[in-house]
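**Q** Here the protein sequences line up with chains E and X, keeping their order. FYI, the numbering for the first sequence is 1 to 466, going by the UniProt record's numbering. FYI, the numbering for the second sequence is 1 to 152, going by the UniProt record's numbering.
Derived from the structure by calculation, the hints contain no laboratory data. A portion of the hints provided could be inaccurate.
[Stated by the list, open to error] Keeping only pairs whose Cα atoms sit at most 30 Å apart, straight-line, the calculated DSS-like set for lysine-lysine is:
id : chain 1 : residue 1 : chain 2 : residue 2
1  : X       : Lys144    : E       : Lys342
2  : E       : Lys342    : X       : Lys74
3  : X       : Lys12     : E       : Lys342
4  : X       : Lys7      : E       : Lys352
5  : E       : Lys352    : X       : Lys94
6  : X       : Lys7      : X       : Lys112
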Amino acid sequence: MATLEDSFLADLDELSDNEAELDENDGDDGKEEEDIDMDMADLESLNYDDLDTVSKLQKSQRYIDIMQKVEEALGKDSDGAEKGIVLEDDPEYKLIVDCNQLSVDIENEIAIVHSFIRDKYKLKFQELESLVHHPIDYARVVKKIGNETDLTLVDLEGLLPSAIIMVVSVTALTTKGSPLPEDVLQKVLEACDRALDLDSARKKVFDFVESKMGSIAPNLSAIVGSAVAAKLMGTAGGLSALAKMPACNVQVLGHKRKNLAGFSSATSQTRVGYLEQTEIFQSTPPGLRARASRLVAAKSTLAARVDATRGDPLGKNGKALREEIRKKIEKWQEPPPARQPKPLPVPDSEPKKRRGGRRLRKMKERYAVTDMRKLANRMAFGTPEESSLGDGLGEGYGMLGQAGSNRLRVSSVPSKLKINAKVAKKLKERQYAGGATTSGLTSSLAFTPVQVQTYHSIPDKCCYIL
Amino acid sequence: MSSYLLKTLTKKEEIDRIIRDTIDEVLVLRFGRCTDAVCLHHDDILAKSATDVSKFAKIALVDVDSEDVQVYVKYFDITLFPSTIFFFNAHHMKLDSGTADHTKWVGAFHIKQDFIDVVEEIYRGAMKGKMIVQCPVPPERIPKYQLLYKDV
Chain E
1 MATLEDSFLA DLDELSDNEA ELDENDGDDG KEEEDIDMDM ADLESLNYDD
51 LDTVSKLQKS QRYIDIMQKV EEALGKDSDG AEKGIVLEDD PEYKLIVDCN
101 QLSVDIENEI AIVHSFIRDK YKLKFQELES LVHHPIDYAR VVKKIGNETD
151 LTLVDLEGLL PSAIIMVVSV TALTTKGSPL PEDVLQKVLE ACDRALDLDS
201 ARKKVFDFVE SKMGSIAPNL SAIVGSAVAA KLMGTAGGLS ALAKMPACNV
251 QVLGHKRKNL AGFSSATSQT RVGYLEQTEI FQSTPPGLRA RASRLVAAKS
301 TLAARVDATR GDPLGKNGKA LREEIRKKIE KWQEPPPARQ PKPLPVPDSE
351 PKKRRGGRRL RKMKERYAVT DMRKLANRMA FGTPEESSLG DGLGEGYGML
401 GQAGSNRLRV SSVPSKLKIN AKVAKKLKER QYAGGATTSG LTSSLAFTPV
451 QVQTYHSIPD KCCYIL
Chain X
1 MSSYLLKTLT KKEEIDRIIR DTIDEVLVLR FGRCTDAVCL HHDDILAKSA
51 TDVSKFAKIA LVDVDSEDVQ VYVKYFDITL FPSTIFFFNA HHMKLDSGTA
101 DHTKWVGAFH IKQDFIDVVE EIYRGAMKGK MIVQCPVPPE RIPKYQLLYK
151 DV
């Protein structure tokens, strides 16, 4: 293992030597790319011992230059903006652009250092990484704990929220890790210091950008305020990068992954990043915050785009957008209009809705004109129709029973007609009675009124129902 | 009480104007005194249903104590208060409620729904072209009265 490590290190050292040569040739931009390449190589190799092979940013020339300028600028009072010069040539603007780039680099660097610390510290306290997410917090905690096994002796107040401290202490009791060897511990502490340095450098850069925000991005800072604007710009990596982002991304820039520690995730507020710290957001009632965050993100993206193209150096656009946002939020909070009592509709003005469908059709069948009645209504041409009382008196039979038509007994489909219960009973009796005496001459005609019609010229046993 | 919701007419010109100007709506004119108890009950019902029937009816109160209005009191033969007369497009609409006098409704309505039913019925009849309609109120809720004809 040791020899393997050494060989890897040797490889890496060779690489770094190569870089030192190339450095003189390429500009500062090339350095940055190589940094990243080397870091990728490091991550692949997994086994690295020396921090300096991992994080080279602090040693790089570019970094040192920019930090120096920033400190100067922070120290002196900002003189009035030289309006005469085109913005792109303004050295301050260039500095801001560089700062933005640098802050992104510092973030990457911090992430790398964090993974370095984590890998080394895993042997001691594995679970800490999942309990404390933020890299800087992690670095601080690691520095505080050091090689201690008993966490009651370590005071983590002020570094972490108390709930997390509790969880950390409890987890430390059951951790599988063992104390680190001295040299590893040294390296880890060095790495923590490095991370904290980078963090403070980042803060300085942020403060500088924030103080200049009014002249860089007046519209954006009119809406969200200069602190948040600086943070957004820093995280996005520049004003033009921020302008290119869609509003939904701007909304979640800077979203912190919260450590739940057993609490439900249903109550946690989702999908707001740095915009949470804006004055507008803080002053909206909690029910409207989701809508407000979307609105503010959208409008601030518009403002960022205006600023990226320097369309409105005075910030009027930003103020107008802010006003618009304020009005919209106020409108949402208005109570709904009171309900007026509705007057009755004019009688017979709405036509009756006719219903259709199977159910209605089935109901209508019970009262429909039957086939028998239809036939009785029809008459043959040229021949006088037969009638019940003969000679045209009484009910006419129409086409019923005509020689031409073979329709006397109409199809014996069970009739769907509605029949009175009394009449139905009588019919049934008659049927049975008729069935018993099967003499051709006897007829079971009955002269009952209403629905049962009888034919006196058509001898038959059954009664027809028309 | 209800007078701020319903117009009170005191002059003949006002009555004429309102009869002329109400187009395609039933015009309900209440003849009565605003101090009478029965009138108050009647007015209350009218006021409450004013918004409900506002799409097809208009309601106005006529104070029977003023001078100008006596002409109308005589013309319509109003003796008992409150009396309600219905017009549609300047035609006088009659209502057959089983009482002796079809030209007007004498007395107060018992419930708001009765009044709305009567107005709807008048509207339907009028739209069909009828001059007299059947009263939809059940007889137990129709105020009964005796008509004296020349003190007989």
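**Q** Mind listing which of the numbered hints don't hold for this structure, in increasing order?
**A** 1, 2, 3, 4
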